[in-house]
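Visitor: Residue-level listing of the chains:
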Amino acid sequence: MKKKVLTVDDSRTIRNMLLVTLNNAGFETIQAEDGIEGLEILEGANPDVIVTDINMPRLDGFGFIEGVRRNEKYRAIPILVLTTESDAEKKNRARQAGATGWIVKPFDPVKLIDAIERVTA
Amino acid sequence: MDMNEIKEIFFQECEEQLAELESGLLKLNDGDRDPETVNAVFRAVHSIKGGAGAFGLEDLVAFAHVFETTLDCVRSNRLEPSQDVLKVMLKSADVLADLTNAARDGGFVDESRSRALVKELEALANGETPAPSVDAPKVVAKAPEPVQAAPPTDDSGFQPVPFSFDSFGDEEAEGEGEQVFDITFRPRRELFSKGNEAALLLRDLSRIGEMSINCDIDGLPALDAMDPEDSYFGWSISLKTKKAEEDVRSVFEFAEWDCELTVKAAEAAAPAADLPMVPVPFDLSALDEVSGPAASADVSAAQTESDASKMAAAAARVEKKETAAAAAAAAQTATTAAAAAGQTIRVDLDRVDRLINLVGELVINQAMLSQSVIENDNNGTSSINMGLEELQQLTREIQDSVMAIRAQPVKPVFQRMSRIVREVADMVGKSIRLVTEGENTEVDKTVIDKIAEPLTHMIRNAVDHGIETPEKREAAGKDPEGTIKLTAKHRSGRILIELVDDGAGINRERVKQKAIDNELIAPDANLSDEEIDNLIFAPGFSTADTISDISGRGVGMDVVKRSIQALGGRISISSRPGHGSTFTMSLPLTLAVLDGMVVTVAGQTLVVPLTAIVETLQPEATAIHSFGANQRLISIRDSFCPLVDVGRILNFRSVQANPVEGVALLVESEGGGQRALMVDAIQGQRQVVIKSLEANYTHVPGIAAATILGDGRVALILDVDAVVSASRGQSLKPEMSLAATG
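The listed protein sequences correspond, in order, to chains A and B.
In terms of full-length UniProt numbering, the first sequence opens at residue 1 and continues consecutively.
In terms of full-length UniProt numbering, the second sequence opens at residue 1 and continues consecutively.
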């Protein structure tokens with residue numbers, strides 16, 4: 001069975017890149033444009049892993065991750081943070097919010113898939 | 001979808017982000033201190049940088065990065081967004097737009113300008129206050145290093161990696177020889193709560209070498225004392241691999257904070273010899289069955305506590321609603337955010353146009369149907385008639401809604417104007433702020449596309465000629481900073497755009513003298529103030545003594561007026577010496593329908609755009625005066641106006657009709673000249689759907705387009721300007737004439 005990835009990113013460019021990369025690698029991909037939509041979609045989507053951006057309108061990545069971790073059903077789901085900000089402070093905040101791992105943007109398709117494989121069974 | 005398509009999406013997105021950036025900066029400039037505004041500005045630049053990095057657009061990344069760093073200082077309250085700071089930022093936004101365009105299709109980028117701005121931005125980020133001078137950046141333009149001077153490898157570790165879908169591949173960098181590592185790994189409960197999984201980490205470890213593993217279960221408490229969410233196990237691993245220690249550690253990259261981990265190279269001689277436990281070969285397949293007690297406990301906890309989890313989920317839902325409600329409330333407080341947060345879909349313009357065309361046909365068809373029913377139904381009370389009335393109403397509503405799809409806010413055009421004000425003001429050493437109002441006023445996309453150019457010209461004019469220099473303003477007791485106000489609003493089915501400056505107003509003496517010098521008016525002409533003001537729209541009029549680089553370019557306000565009129569609009573000016581001028585433009589909301597006067601000329605039905613008509617009158621024999629061989633004038637009140645027989649101009653007939661038997665339409669055309677157009681009769685006034693002729697007949701002189709009337713007849717729409725200018729030469733080119741139409 002295909003693994004399902006939920007991506008949350010406000011940039012259309014990045015959403016399309018993720019879509020192409022993930023589809024090429026044989027994943028099923030569902031996409032949201034910000035944290036609020038991400039939490040809404042999550043409910044029925046039942047993804048295996050989440051890839052999220054940090055800087056987003058309405059609800060940012062930190063808020064989104066906290067939201068997922070508060071959800072009894074999805075709190076154990078792996079969440080990868082996809083962001084240009086790879087400095088320690090941002091990483092740390094994402095981790096405190098409950099992120100599983102991170103991918104530095106602009107992402108390398110190999111590293112993206114690699115990171116997803118690492119956190120999913 | 002391939003890379004080129006995504007790149008195109010990226011550039012589209014850049015355009016949106018740039019607009020967002022500019023409007024945010026302008027809001028900050030107006031004293032808005034909402035953190036969300038700062039965030040939106042930051043996000044815009046951040047997003048451009050992210051996408052640009054993916055496409056290897058290094059100039060763009062480098063500049064965006066410096067810009068972003070400075071914005072981050074504002075975001076974290078380390079830098080106060082003062083007027084001077086924002087000035088630098090607005091200029092940076094302009095350069096970012098230039099760089100984006102350059103990346104897209106090789107547009108021009110002023111490199112010295114971008115280098116200077118990089119320095120200014122860096123200075124701001126380093127806590128230096130900007131020089132509060134208007135043209136500071138010009139002076140520092142001689143920095144020797146290129147834009148990439150700030151290499152994007154920086155404190156945040158950001159490095160652009162050109163992105164390619166082709167780069168999937170095995171890049172196994174084999175180490176020299178095999179080595180054995182002793183690893184101890186003891187996860188804490190946080191590791192699991194963050195979605196990491198000890199078993200998966202061990203699986204990854206097993207993939208880089210040959211390993212044997214021992215599980216330390218000593219910490220496992222009795223069942224009744226066990227917390228299903230806690231972590232009780234530890235593992236000791238002996239790994240034989242060709243990889244370096246760094247690679248081994250990188251397996252735990254995501255988990256190192258949430259576990260105790262030691263990795264050390266074992267004595268090569270005795271691998272795993274003095275381990276206290278018996279090594280057990282690690283079997284990967286076991287993972288599928290059981291994924292470690294801690295993990296499975298986690299799962300079962302979630303399952304058995306299903307009631308609790310339902311409640312928690314419900315609570316989460318409530319919470320989510322609250323978040324959404326809070327977001328909605330926030331959106332309402334910001335005046336423009338409401339529009340931005342709306343749900344949108346992107347539709348190809350062609351599809352919308354096709355729909356508009358079809359609805360146009362529907363309107364015509366419905367009118368035809370109504371007409372034939374009326375003709376065949378004498379008492380007009382049949383149910384068909386009633387149904388038709390409803391149909392008519394529905395059709396109109398459909399038409400309005402379809403037109404609304406093409407309607408867009410004037411905001412993007414207004415935003416472009418603020419850049420022009422900045423640049424021109426900088427160039428002429430004036431300090432001017434642009435205030436915009438009603439940016440969300442909607443108008444047809446075609447109208448928006450076409451008003452940008454005349455508006456640009458008017459703005460340049462206002463900055464260059466309208467607003468005085470700071471010294472002069474101060475001497476006149478005004479604020480040294482000039483204000484230009486740009487407003488848009490709807491009024492009676494049209495859009496009204498006003499451009500108000502608080503400058504010196506029209507210098508009527510000079511305008512009149514210029515008009516006399518250019519032989520536009522007689523030296524002894526007696527003109528009202530208003531008439532003098534409107535002279536600036538006369539063809540070939542330019543008040544600047546020397547044509548300046550900014551508003552000159554040989555283009556005068558007459559061109560502006562003509563392009564507005566070509567859109568079916570009007571423009572007028574009012575001015576108060578010492579207080580400034582107001583330009584008022586009134587434009588139709590759409591170019592797809594037109595209010596027209598339906599007239600008869602030599603048996604043909606024509607439509608004259610209502611916007612061109614000033615008044616209609618029935619000429620009396622005494623008012624008609626012959627002039628020369630076949631020119632005639634009509635006296636209207638106390639002035640004379642040339643009389644133009646439309647039927648003769650279009651070659652519908654070979655001799656001029658008797659004006660007394662027809663109706664004169666007084667029209668205003670380019671250059672403000674008035675003409676009385678003679679038609680045989682007026683049929684009525686009607687809204688008509690414009691159908692272009694050009695696709696099938698190429699351009700027909702004197703005719704703007706065609707329409708289909710309710711009775712199914714085709715009627716031509718008169719191009720008033722062309723008819724008027726043809727009247728000067730008496731006829732349109734004969735070979736192009738419409739004599740054969742019919």
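Where hints are given, some of them may not hold.
[Unchecked claim] Chain B residues, not near chain A, derived (Cβ > 10 angstroms throughout): (1) E13; (2) R43; (3) S47; (4) L355; (5) Q415; (6) K485; (7) E615.
[Unchecked claim] Only pairs whose alpha carbons sit at most 27 angstroms apart, straight line, appear in this in silico DSSO-like list of lysine-lysine: (8) B:K242 x A:K111; (9) B:K27 x A:K111; (10) A:K4 x B:K7; (11) A:K111 x B:K240; (12) B:K119 x B:K27.
[What the hints assert, rightly or not] Covered stretches of chain A, as calculated for chain B (at least 3 residues, CB under 8 angstroms): (13) 10-24; (14) 50-57.
Bear in mind the hints are in silico, worked out from the structure with no lab data behind them.
Because the structure is a prediction, the values reported are computed rather than measured.
Yeah, the Cβ is synthetic: ideal placement off N, Cα and C, and Gly gets one too.
Visitor: Starting from the hint list further up, note which numbers the structure goes against and sort them upward.
Guide: 1, 2, 3, 9
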